[in-house]
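With these hints in hand, go ahead and build the complete structure from the sequences.
There are 4 protein chains.
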Amino acid sequence: MQIFNRLESEVRGYIRSFPTVFTKASGALLTNEHGDQYVDFLSGAGTLNYGHNNPLLKKKLIAYLESDGLTHGLDMASQAKADFLETFERVILKPRNMAYKIQFPGPTGTNAVEAALKLARKVKGRSNIISFTNAFHGVSLGSLSATGNTKFRSAAGIGLSNVTFMPYDGYLGQGVDTTAYLDKVLTDQSSGVDLPAAVIVETVQGEGGVNEASFAWLRALEAVCRKHDVLLIVDDIQMGCGRTGTFFSFDNIGISPDIITLSKSISGYGLPMSLVLMKPELDVWEPGAHNGTFRGHNLAFLTAKEAILEYWQDDAFQHRIAEKENIMHSWLEFIKESYPEGKFSVRGRGMVQGLAVENPALAGKITAAAFDNGLIIETSGSQDQVIKFLPPLVIEERQLVAGLEIFEQSVTDALGIAPVRSGDVKIRMGAAR
Amino acid sequence: MQIFNRLESEVRGYIRSFPTVFTKASGALLTNEHGDQYVDFLSGAGTLNYGHNNPLLKKKLIAYLESDGLTHGLDMASQAKADFLETFERVILKPRNMAYKIQFPGPTGTNAVEAALKLARKVKGRSNIISFTNAFHGVSLGSLSATGNTKFRSAAGIGLSNVTFMPYDGYLGQGVDTTAYLDKVLTDQSSGVDLPAAVIVETVQGEGGVNEASFAWLRALEAVCRKHDVLLIVDDIQMGCGRTGTFFSFDNIGISPDIITLSKSISGYGLPMSLVLMKPELDVWEPGAHNGTFRGHNLAFLTAKEAILEYWQDDAFQHRIAEKENIMHSWLEFIKESYPEGKFSVRGRGMVQGLAVENPALAGKITAAAFDNGLIIETSGSQDQVIKFLPPLVIEERQLVAGLEIFEQSVTDALGIAPVRSGDVKIRMGAAR
Amino acid sequence: MQIFNRLESEVRGYIRSFPTVFTKASGALLTNEHGDQYVDFLSGAGTLNYGHNNPLLKKKLIAYLESDGLTHGLDMASQAKADFLETFERVILKPRNMAYKIQFPGPTGTNAVEAALKLARKVKGRSNIISFTNAFHGVSLGSLSATGNTKFRSAAGIGLSNVTFMPYDGYLGQGVDTTAYLDKVLTDQSSGVDLPAAVIVETVQGEGGVNEASFAWLRALEAVCRKHDVLLIVDDIQMGCGRTGTFFSFDNIGISPDIITLSKSISGYGLPMSLVLMKPELDVWEPGAHNGTFRGHNLAFLTAKEAILEYWQDDAFQHRIAEKENIMHSWLEFIKESYPEGKFSVRGRGMVQGLAVENPALAGKITAAAFDNGLIIETSGSQDQVIKFLPPLVIEERQLVAGLEIFEQSVTDALGIAPVRSGDVKIRMGAAR
Amino acid sequence: MQIFNRLESEVRGYIRSFPTVFTKASGALLTNEHGDQYVDFLSGAGTLNYGHNNPLLKKKLIAYLESDGLTHGLDMASQAKADFLETFERVILKPRNMAYKIQFPGPTGTNAVEAALKLARKVKGRSNIISFTNAFHGVSLGSLSATGNTKFRSAAGIGLSNVTFMPYDGYLGQGVDTTAYLDKVLTDQSSGVDLPAAVIVETVQGEGGVNEASFAWLRALEAVCRKHDVLLIVDDIQMGCGRTGTFFSFDNIGISPDIITLSKSISGYGLPMSLVLMKPELDVWEPGAHNGTFRGHNLAFLTAKEAILEYWQDDAFQHRIAEKENIMHSWLEFIKESYPEGKFSVRGRGMVQGLAVENPALAGKITAAAFDNGLIIETSGSQDQVIKFLPPLVIEERQLVAGLEIFEQSVTDALGIAPVRSGDVKIRMGAAR
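Chains as they are written, first to last, in this note's numbering: chain H, 22 to 454; chain G, 22 to 454; chain V, 22 to 454; chain L, 22 to 454.
Wrong hints could be hidden among the right ones.
[What the hints assert, rightly or not] Calculated lysine-lysine pairs in the DSSO-like style (CA-CA distance at most 27 Å, straight line):
#1 L:Lys-172 / V:Lys-300
#2 H:Lys-300 / H:Lys-248
#3 H:Lys-172 / G:Lys-122
#4 V:Lys-145 / G:Lys-145
Calculated directly from the structure, the hints in this document are not laboratory data. This one's a predicted model, so the numbers in the text were calculated from it and none came from an experiment.
And the structure:
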């Protein structure tokens, strides 16, 4: 670790939570330099939905490399890109009746958000954007303006502007529909909230603390957008690609975003890649007006295509996610009820689940204990008070259970009490189902 | 090509200049779906200094993949990252007596610039940044504010602020030292130019039209920075990694930047990666205050390490670059003199050379003809009036000459005249040397 | 009127509502070029609390002019300014136990707001300011950023920033304490609302539609400010100088603003003048750092002093205001009840009263009829839906009643019905009391 | 003075330079509480071109007050305003063939600038404005962004944006035409200088240090504006109303500004008033979109009209200004040559003259000595290195000479040497002519 302490900037973060040198990884397991294995409930913050070094994708990737397939292509036409486009259209868009043009911005999530915000502003000729409390959209300056967390915002060194924050679903307490408030300020010509070009929203806020918006709220949000001629951008960077149980996190909600951002797991292999999807009539870009050196990362296009072919041509994968969601959710409810000392509450959708802890310090103690016990898991939320469960979607059921067992052990370690479980895992799982 | 026209956003750019589907690439050659080969004088806009699919790096990369080496690691510690850091310190920094901390921002150049600007503003507690006419630093909002080109700026959809543009070396004509103007406005308490946190500069402006700053000007610029307690940021994203003949573009200039950004060719294989180097006393980052999903792209760390080991442990590579610079420069001088109709002038340093054309339309005709003739080369500059030569640094001499021959043919095609060359290439090359 | 149509910019406003040329004015009466008299329920938008050409002040003003007393003094020391300061301290500040330093910015309300915002930002080293829905603080760029109305905001031609709008008291419906929402976003480190330097608030929003904040809300607002180390600025430009019944609009509320802005009626005679009051420990201004040619308008200082001496040395004036408030309020309640067709509601405090009309078009018809009938009165609110009653505080009771009778007539004219009043005014007034 | 020290904010400025309490004033003389008289070479920073309490205007003003003429009229039509408009059109605009619409913004210079910048941005749909080094346009936020001085800028507490500063005439040394640089950055699509809505310029920079632009430079500036479809705004707030020898400072230059701001001496009596003149086709204001409580200051309209009638119906006043310019200039040249120790240089046009001092501290010593000797005069320029002579235009010749004699005495006091003058004033004046 010395080399990191000596040479790497103080900005380094995860290395402080997980202070060991990782060497290898496969599926849901990480291995360090001493050969110790860790179950990964972090998944590259949602990037490794298909696991580390997914063997199906790896095989294709190596073959492509060996054949000298084009690696770096700027935004020139390439076979790998054509194949990805064809596959994405055929497997993802068409079955959903979604007509979108596709932009390849620089290969990071924040770059996709920057492009989406530019496009929305250009289309509408307005500068304001509505974002939400606890939102996270990235830390380059344009995205950062739409990100709520003070830690990131204060690092800008300049004032952030052209974004208005509104309360997310539930922010003002149960029973308060915060889209009604949004509607009111957009209707009121003296609210001080300038008519925005777009609303940008996550259907579940991952970094913000696994905050779920209800489907009704999201539909109401879309209705407000339509009423005021405002674009709806869904940032599906962390919640897309199956994380919530469907390819897009909004597949079953009944909304039709004008612009969609994808990144993280889209390449399938942890390779940098991102996409902006826009309804065709919004594609007012001038050629080359948003560029970036790595927007033609063909290795990522290849694995992205293969991941789609492998996992999204039928419903089987979604069903397996639903099964594992059930396991996760049941287990967390079990923990909540078994350890009332923790003052836990459970939230989440699909395979992003959160265990909120009333005392943030306890959340930190639990995740630290988890690392000691062989589980990689992090906290989220404005006070780091929500433990976030993001296992690979492809995790084997026995690994998932093993991880959850480690987690339970870590809870009791942190609480300084004995585990309550008396029976075996199977019994509980049976109950859970 | 139909799939691109139907599905890809209008923002696509290079595909319009080079309308063919590329499939494979190796070294300095690109191959399209019909098996046609193209000499590559674009090199991924400076990303492929070591050529496409460099076989030395490819071998290591495939072995790493096969061994399930960690691919995606956020900013956790990994063996590949440790190896890169150790190599970069030993081979690059130490021999130059450069003490810097290293930040891994998101893996794109623009993300490195965003991080550099944040850091400078934070260190100095000031918001203004000095950039220069014709500068290009990226298109995410923070970087875009420091980028001069209207095409990019106007796409922002909002006003860009907190950056003041000053004339680059030569902008006010020969004999005018524009650093004296900068010194004057920073000294004058009523100039309206707020004291900046930093100056950000490219030693050669690539996108801006292959504009070279003189070494004296760069030293004077550093002196102005020191006088006014302003940080000096060198954006070496396109000009670093050997492009100008040395690893850093400022190796022989006698300046000591406070912050350095690297990207493009740093990974060696065209894989997304970027770095921010900062003097240790400037490393005031809060842990995690600038993050990004793909800042731990271990495949890139691996190839970056291997590229450094292969090319930068001794002077041999630099010597070969100097030889090829000589060929390029001589040939361009020959073209300038042989075809006065073109009203050409030559500029550049190392293996970034520019042929400025008085009539921008002619520049476009020449590069279009070049594509037809089997050469990938682009224009740059505010009016697309400078043809930019960026072959891979590893290009074989015979390929380089072949490319230059194609270029000459394209000049005459565009001018509608016959080539003047009477002898064979060797004679000219001899003369050139 | 021709000269105005030919030469004056289209920006002219009130001239369109009241299309006649005024020549003379006295107390609550305006006279036009034809000798027609109008009762003034506008009072220079709150500037003429002591009436037009108040004879007591006029006498002093003429004597001062005749004696060649200093008229224009920049911010040099003058006798008139010293006298004003002495009087303001003795009569206004000391009896209220208010310790404040006094700044004379440029002589307009917006300039006072600009100065207040600068000072708050400088004291706290923060850029954000909290303002409220429907707020009006002026239209120079700094103040405009804190003003809610789109008509004014869109005229800026640039984005307005560094201000966050929060819902004013009652904005989210009865029963919702909007200061709790403010407290929540300031407590939440991920709300996206940057910790502000200050909150700026009107105790009653005049331009915003005669929206009253409850005393409890204002006290809660102050408590939120204290909790988060945020300054409280009360903009008392329209509501100060007796308009709500006391000299400061917050005299009886139990809050202690850090900064107070005054203008409009402070000079007493309609002469341009404004003040910024700040707690002594906040007076961190550099000498001359906020200047303005007309900040030493000594004629205004003279009349300001005389107005204070005349009206604020004892409680008599306040009692007369309370009596007239009673008449106004009773009458408006009578109108509301007598003409249910109008769907009126009544609001206001002291001698700023509002008659809200469900249908904004009707409000406009009524004020237009009023002008025809000899009454100057305007609408306010985001939809011009609230008729605003701002008679001079010194209006004679019989004039007040006469104006209200004209108003009632105008209501019936606009509704196209007959007045319901059967008895005489006195009966109603008796009932009202 | 105690009351000021105790109660007035630290922002007070001139009171520190001239620490005495003024009571009366007439023409070019100020009188303090002890009956001491001071010659006024400051003139309210250019507000008192017609002297303190001009008796002709005073008489009209008192008569108007006595007749209960409308004092405060918002922007309703009034007889005083109509009369002013008619007079301004007939005496000022028509003889110059100037067709302009007239806006009455809030009655301060900075408010006029705010309105001018808004209008320009709205007309052109662009946000950027070009201003110049050492410019002063006011300190409300919009104007402040176009003001160069750090003392004012840093008081904003937030970043200032949407203005680009260019070098004023002479800033880059004699022989460098800085309009060519402006033309270049506006022509160059990669200069980083966004196409502005307007250029705002003072023909002589008063606060900036009495910097004169040459007529040729101003014409070239206008040509650059026309070439690039950019509006030309002349801020004539300090230099208009006769200060440079003609009513508008550009009367003899051959330029036709699109927008003109006037304030300071426009009312003639030191009363707050300002104007924005705009070419008719630019009058795109929405009714009421830029408002302000005191934009209908009818006392000022009255004295403004009378001042125009008195001084601008024929050339006599201009001739008297020219004579006094001659006296001032000759005397300053005499001082420069007689006291080479002072390293003085002379600059200025009309009755705004500057004596630049190589050592700023000496300039401060001289003006301090002048105050002790009975002369009110201030320094200007970014280092307070230029002594600015702004006597009332109506100053009697003998008072002007008396003031200049005091000034010479103050120079020798500050230098600690004996005056060189051997003869009497008349001889020198004869030589001067």
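List of violated hint numbers, smallest to largest: No hint contradicted; all consistent.
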